[in-house]
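Place chain G on chain H using the hints.
Protein chains in written order, with numbering that gives the first Met the number 0: chain H, 0 to 143; chain G, 0 to 134.
FYI, nobody ran anything at the bench for these hints, they're computed from the structure.
Bear in mind the structure is a predicted one, so any value in this text is a computation, not a measurement.
Hints may be right or wrong, so weigh each one.
[Unchecked claim] Here's a subset of chain H near chain G, in silico, CB distances under 8 Å, partners left out:
| hint | residue |
| --- | --- |
| 1 | Val28 |
| 2 | Val97 |
| 3 | Glu102 |
| 4 | Ile106 |
| 5 | Glu134 |
| 6 | Glu138 |
[As the list claims (entries may be wrong)] Simulated pairs of lysine to aspartate or glutamate, DMTMM-like, Cα-Cα distance not exceeding 20 Å:
| hint | chain 1 | residue 1 | chain 2 | residue 2 |
| --- | --- | --- | --- | --- |
| 7 | G | Lys108 | G | Asp86 |
| 8 | G | Lys32 | G | Glu125 |
| 9 | H | Lys110 | H | Glu88 |
| 10 | G | Lys1 | H | Glu85 |
| 11 | H | Lys24 | G | Glu56 |
| 12 | H | Lys24 | G | Asp86 |
| 13 | G | Lys1 | H | Glu131 |
| 14 | H | Lys110 | H | Glu85 |
| 15 | G | Lys108 | G | Glu68 |
| 16 | G | Lys1 | H | Glu113 |
| 17 | H | Lys110 | G | Asp54 |
| 18 | G | Lys1 | H | Glu142 |
| 19 | H | Lys63 | H | Glu113 |
| 20 | G | Lys1 | H | Glu45 |
| 21 | H | Lys110 | H | Glu45 |
| 22 | H | Lys24 | H | Glu93 |
Even glycine gets a Cβ: it sits at the ideal position worked out from N, Cα and C.
Here is how the chains run, residue by residue.
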Amino acid sequence: MISLTRRATFSASHYYWNPAWTAEKNEQVFGRCSRRTGHGHNYTLEVTVAGEPDPVTGFVVDLKWLRDVIEREVLAAWDHRHLNLEVPEFAATETAAVIPTTENLAIAAWKRLEPAMQGAGGARLSRVRIYETPEIFAEFRGEL
Amino acid sequence: MKAYFGRRYTISASHRLHAEALSAEANRAVYGKCNNPHGHGHNYVVEVLVGGAVDPETGMVINLTALDEVVRARVTDRFDHSNLNLDPLFVNRVPTTENLCRVIFGLLKGALPVGCLERVRVEETENNFFECEGE
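Just chain H, with the same shape it has in the complex:
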């Protein structure tokens, strides 16, 4: 089994806010990230796919195909967007929200990418890692 990883970058804005909490609690838990005017990051997305190299091509998966999947499934929806306001999985109601933390971004990217892996010729998605800054990252490996 071989793993291959493709990186992509996107830039987006967000804020952290739990609508079920008071403003004071949001500020206490999330600090500066709770400012409702939002702020942004240059994110790096790493998508890792695992499988056996094809005996003819030597590829686990065609990297061009993987690049196009990442572009279509994730970047087209997230790049240069406000995650809270423009991305459906982070839309808030009066009382609940999936907060666009780096952890939740990793899970959401996995959910966007995994259905497309049916076209990966037997390879499977094994890890999604998202860097919010070079020092902060979160990853999801499909574990429940």
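Chain G alone, transformed into the frame defined by chain H:
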């Protein structure tokens, strides 16, 4: 759902690799430049990986500020701008980055307010790094 949160910290510290059990010649042969008598330093990068359920209220495995506080109190305040050989944890242990990695894992294990310490990676330079998962 289980996810992982990773955070990278920097420690600048000096060390000298020298095993008391070995002769001067053997130390020189094994450790080379790293055995030079007055030590030398690195900008270490310590990468801490915490696994756990994503809290549905916060969207987090662990709050960054809580993790920062634990790492500051237990690791960076202790080792940053220090001579590793003089730390009590290295009295009978050569401060290789393997051992530093294992020591840091031990200092953090059990100290996190939430989540599980999955892995500590210590990068000594851009070209070498060491990992400990607690086995």
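Status of each hint after checking the structure:
| no. | hint | result |
| --- | --- | --- |
| 1 | Val28 | 6 Å, holds |
| 2 | Val97 | 7 Å, holds |
| 3 | Glu102 | 5 Å, holds |
| 4 | Ile106 | 6 Å, holds |
| 5 | Glu134 | 4 Å, holds |
| 6 | Glu138 | 5 Å, holds |
| 7 | Lys108/G with Asp86/G | 19 Å, holds |
| 8 | Lys32/G with Glu125/G | 18 Å, holds |
| 9 | Lys110/H with Glu88/H | 10 Å, holds |
| 10 | Lys1/G with Glu85/H | 26 Å, violated |
| 11 | Lys24/H with Glu56/G | 12 Å, holds |
| 12 | Lys24/H with Asp86/G | 40 Å, violated |
| 13 | Lys1/G with Glu131/H | 19 Å, holds |
| 14 | Lys110/H with Glu85/H | 17 Å, holds |
| 15 | Lys108/G with Glu68/G | 14 Å, holds |
| 16 | Lys1/G with Glu113/H | 16 Å, holds |
| 17 | Lys110/H with Asp54/G | 18 Å, holds |
| 18 | Lys1/G with Glu142/H | 6 Å, holds |
| 19 | Lys63/H with Glu113/H | 17 Å, holds |
| 20 | Lys1/G with Glu45/H | 18 Å, holds |
| 21 | Lys110/H with Glu45/H | 14 Å, holds |
| 22 | Lys24/H with Glu93/H | 16 Å, holds |
When each numbered hint is compared with the structure, violations occur for hints 10, 12.
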